[in-house]
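Fit chain B to the known structure of chain A by using the hints.
There are 2 protein chains.
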Amino acid sequence: MNYAARQKKLREYLVSARLDGLLISHLPNVRYLCGFTGSAGFLLLDEAGSVFFTDVRYDTQAHEEVKGAKVVVAKKAVLQGVAEWLKKRHKRARAWRLGLEAEHFTLADKKRLSDLLPATIRLKEAPAQVEKDRMVKDADELVRIRAAVNLGATLFDRALEVLRPGVKESEVAAAMEYAARQQGAAEMSFPTIIASGARSALPHGRASEQAIQPGAFVVCDFGAILEGYCSDQTRTVWVGAATDEARQAYEAVLEAQLAAIAAVRPGATVGEVDEAARNMLRKRGLGRYFTHSTGHGVGLEIHESPRVAHGQKEVLEPGMVITIEPGVYFPGKWGVRIEDMVAVTASGCDVLTPTSKDFTAV
Amino acid sequence: MNYAARQKKLREYLVSARLDGLLISHLPNVRYLCGFTGSAGFLLLDEAGSVFFTDVRYDTQAHEEVKGAKVVVAKKAVLQGVAEWLKKRHKRARAWRLGLEAEHFTLADKKRLSDLLPATIRLKEAPAQVEKDRMVKDADELVRIRAAVNLGATLFDRALEVLRPGVKESEVAAAMEYAARQQGAAEMSFPTIIASGARSALPHGRASEQAIQPGAFVVCDFGAILEGYCSDQTRTVWVGAATDEARQAYEAVLEAQLAAIAAVRPGATVGEVDEAARNMLRKRGLGRYFTHSTGHGVGLEIHESPRVAHGQKEVLEPGMVITIEPGVYFPGKWGVRIEDMVAVTASGCDVLTPTSKDFTAV
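Respectively, the protein sequence lines represent chains A and B.
My numbering puts the first residue of the first sequence at 1, with every later residue one more than the last.
My numbering puts the first residue of the second sequence at 1001, with every later residue one more than the last.
Everything labelled a hint here was simulated from the structure, so no lab data went into it.
Some clues are possibly wrong.
As the list claims (entries may be wrong) - Stretches of chain A that chain B covers, calculated by requiring three or more beta carbons in the stretch to come under 8 Å of a beta carbon on chain B:
| id | stretch |
| --- | --- |
| 1 | 48-59 |
| 2 | 166-178 |
| 3 | 184-198 |
| 4 | 272-284 |
As the list claims (entries may be wrong) - No farther apart than 20 Å at their CA atoms in a straight line, the calculated lysine to aspartate or glutamate pairs in the DMTMM-like style are these:
| id | chain 1 | residue 1 | chain 2 | residue 2 |
| --- | --- | --- | --- | --- |
| 5 | A | 9 | A | 141 |
| 6 | B | 1124 | A | 115 |
| 7 | B | 1110 | A | 125 |
| 8 | A | 111 | B | 1103 |
| 9 | B | 1333 | B | 1244 |
| 10 | A | 357 | A | 157 |
| 11 | A | 76 | B | 1157 |
| 12 | B | 1076 | A | 109 |
| 13 | A | 124 | B | 1103 |
| 14 | B | 1124 | A | 314 |
| 15 | B | 1091 | B | 1047 |
| 16 | B | 1110 | A | 109 |
| 17 | B | 1008 | B | 1133 |
| 18 | A | 75 | B | 1275 |
| 19 | A | 333 | B | 1314 |
| 20 | A | 111 | B | 1125 |
From a predicted model like this one, the values you see are computed outputs, not experimental measurements.
Just so you know, even glycine gets a beta-carbon here, dropped at the ideal spot from N, CA and C.
So here's chain A without its partners, still in its complex pose:
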């Protein structure tokens, strides 16, 4: 990973934003900029360089992992270490503007920092610039994302081996998660969704102790984290003998998903991609059953910018990686969702998820 280039880009941003320094507190941003993978750390950037602060638990790990920044191990709370370092460096009474990540920094931490710092250091609310930079993945990241997506796809194959009427949703999830671990995934991207029967109409139906029943769909929405990067995929299968209504709903969602994928290209807005899916379902009279947005960015985090949602103006660029996941949900009955990850290319997009989307009954 080219941490130096990422930090350089952010340092250029500081100049344009009239900030003297920026304190990165959001851990995925810290990881993106300097490689630290632990659970406690701050990265401070200014024109002179970068300093990474952590606590004693991460002393060895930080020295091994952190690139492009001096490592400081705080003796007490990490934020206190940051404040002490800043105080020492800014003894002269020149005003100094320090940006805080407004989307992540808490009111209490701002107050603590403010109480510890001299008045010449002024705390400013900075926008989500690192998240903006992270939207466009570089070549190293795309390699890792493809590897995570391919691992993720094997988990659905595993699910199909286990998923039968009478089997608990949680047993399907357990088999998938075990397979993920065996292939080197550190953890799942999010709590695995295996939603059967009427639970398939819950867009976020985490695997429960409910046994899978025939006569409804099972929504399987899952992902694994491999070398820091998340995969995200949904497949929906019917249990038992399929009805015409089920097939029609499935085909409508698939058509909507393909229409949205066809709309992904550089220069298109994410709102247009959302509209492509929404419009197709509207034509089939299913518009009001598509209750969520079409997708989201994925990378070091499972939900990243951009939001692929109604009216959003973000313009797609090559290297962006997003999910395309329309669905329809009939409360008390069942639901269907189909989701792939796609990478924006120079002329359109690559569908990263290799799994078949043919209607499947088990």
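Here is chain B on its own, set in the frame of chain A:
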């Protein structure tokens, strides 16, 4: 769970804190107060009652789960739904003080909310009152915590079946996590730590692809979440023929752990508990190798108040549940940690973790 009593207690706090309302945004606090288990929601409390806000994805689930609050499903962003509801209710120009959870609310969300609200609604930074209430577990919670701890303990039995020289750390973690799922755990409390060889000297050495080597300890620190409540346990085993030095370090840590447990009783401060462990290791000349704090509260979250650390003044009360987990770490060589969960009783404490702490070599 007695959600009504919890909300009533918080409502009494509002009066004493001179707040007209409190917006709960931290999801474990939301769950504690009204039972919602999803990933997007705010609970607004005022003297008139409670309102829970979520988005369309959680419409059905919120209506099923939420107790003691009216449910409002926001059409757009949830925070916008909160603002619109407040605006409608407070059309008259009476000043109204709304508390925000300062430890969790971000600078950006405060700005968004402030921009959406009339000037008569004043946003105030509120302290972590719900976390304070959550420190003392009620009888329902203690039942769930015991169940989670007992499930967690079986995972170490599973680890001992798998843990051998040549087996990868991640394979041990995979076997434990699969066993947790099979017993109904929704997920692990935190990324499983299986740290072998020199990695055992990293206090936070997540299971890696490294094969387990003889001649060092393996630190196994793990927990599972059952019905919302976390378990947390560490056992450390030697691989191969044990040296005297290894046995002595192990016995010293165990002695320190037992001394800290003996110090847990109502009226003692958490700093005294920490000192009991630290003092014992100091006597053995190992004080400087004990680099972290002695423990922390556990419940709906893996790390809760109080911090059982040097100089902390929090006074123990019956019903508090904390970990006791001293360790010593020799960088580049190996480390040892032993951790139980204990519940403070009327006269001392119950050690919840049932697993033997005898020195074990595999």
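How the hints compare with the structure:
Against chain B, the stretch 48-59 of chain A contributes 4 residues with a C-beta closer than 8 Å to a partner C-beta. That satisfies the three-residue criterion, and the hint holds. Given a C-beta distance limit of less than 8 Å, the hint that chain B covers the stretch 166-178 of chain A holds, as 6 residues qualify and 3 suffice. Given as covered by chain B, the stretch 184-198 of chain A passes the check, having 5 residues with a CB less than 8 Å from a CB of that chain where 3 are the minimum. Against chain B, the stretch 272-284 of chain A contributes 0 residues with a C-beta closer than 8 Å to a partner C-beta. That does not satisfy the three-residue criterion, and the hint is violated.
For a cut-off of 20 Å, the pair hint linking residue 9 of chain A to residue 141 of chain A stands: about 17 Å separates their Cα positions. Between residue 1124 of chain B and residue 115 of chain A the alpha-carbon distance is near 17 Å, which keeps this suggested pair within the 20 Å criterion. Restraint check: the Cα-Cα separation between residue 1110 of chain B and residue 125 of chain A comes to about 11 Å, which is no more than 20 Å; the hinted pair holds. Taken as a hint, the residue 111 of chain A and residue 1103 of chain B pair is honoured in the structure, with Cα atoms around 10 Å apart against an allowance of 20 Å.
In summary, the hint linking residue 1333 of chain B to residue 1244 of chain B is supported, as the alpha carbons are separated by about 15 Å, within the 20 Å threshold. A hinted pair counts as satisfied when its Cα atoms are at most 20 Å apart, and residue 357 of chain A with residue 157 of chain A qualifies at roughly 13 Å. Distance restraint check for residue 76 of chain A and residue 1157 of chain B: the Cα-Cα separation of roughly 36 Å exceeds the 20 Å cut-off, and the hinted pair is therefore not satisfied. Our distance criterion of 20 Å between C-alpha atoms is broken by residue 1076 of chain B and residue 109 of chain A, whose separation comes to about 29 Å.
Simply put, residue 124 of chain A and residue 1103 of chain B have alpha-carbon atoms about 18 Å apart, close enough for the 20 Å limit, and the pair holds. Distance check on the hinted pair: residue 1124 of chain B and residue 314 of chain A sit about 34 Å apart at the alpha-carbon level, beyond 20 Å; violated. With a C-alpha separation of about 17 Å, the suggested pair residue 1091 of chain B and residue 1047 of chain B falls inside the 20 Å cut-off, and the hint holds. As the CA atoms of residue 1110 of chain B and residue 109 of chain A are separated by approximately 14 Å, the hinted pair is consistent with the 20 Å bound.
Taking the CA atoms of residue 1008 of chain B and residue 1133 of chain B, the gap is near 12 Å; set against the 20 Å cutoff, the hint holds. Restraint check: the Cα-Cα separation between residue 75 of chain A and residue 1275 of chain B comes to about 17 Å, which is no more than 20 Å; the hinted pair holds. Using a Cα cut-off of 20 Å, the hinted pair residue 333 of chain A and residue 1314 of chain B is violated, with the two alpha carbons roughly 51 Å apart. This hinted pair checks out: residue 111 of chain A and residue 1125 of chain B have alpha carbons roughly 10 Å apart, not beyond 20 Å.
Taken one by one, the earlier hints fail for this structure at numbers 4, 11, 12, 14, 19, listed in ascending order.
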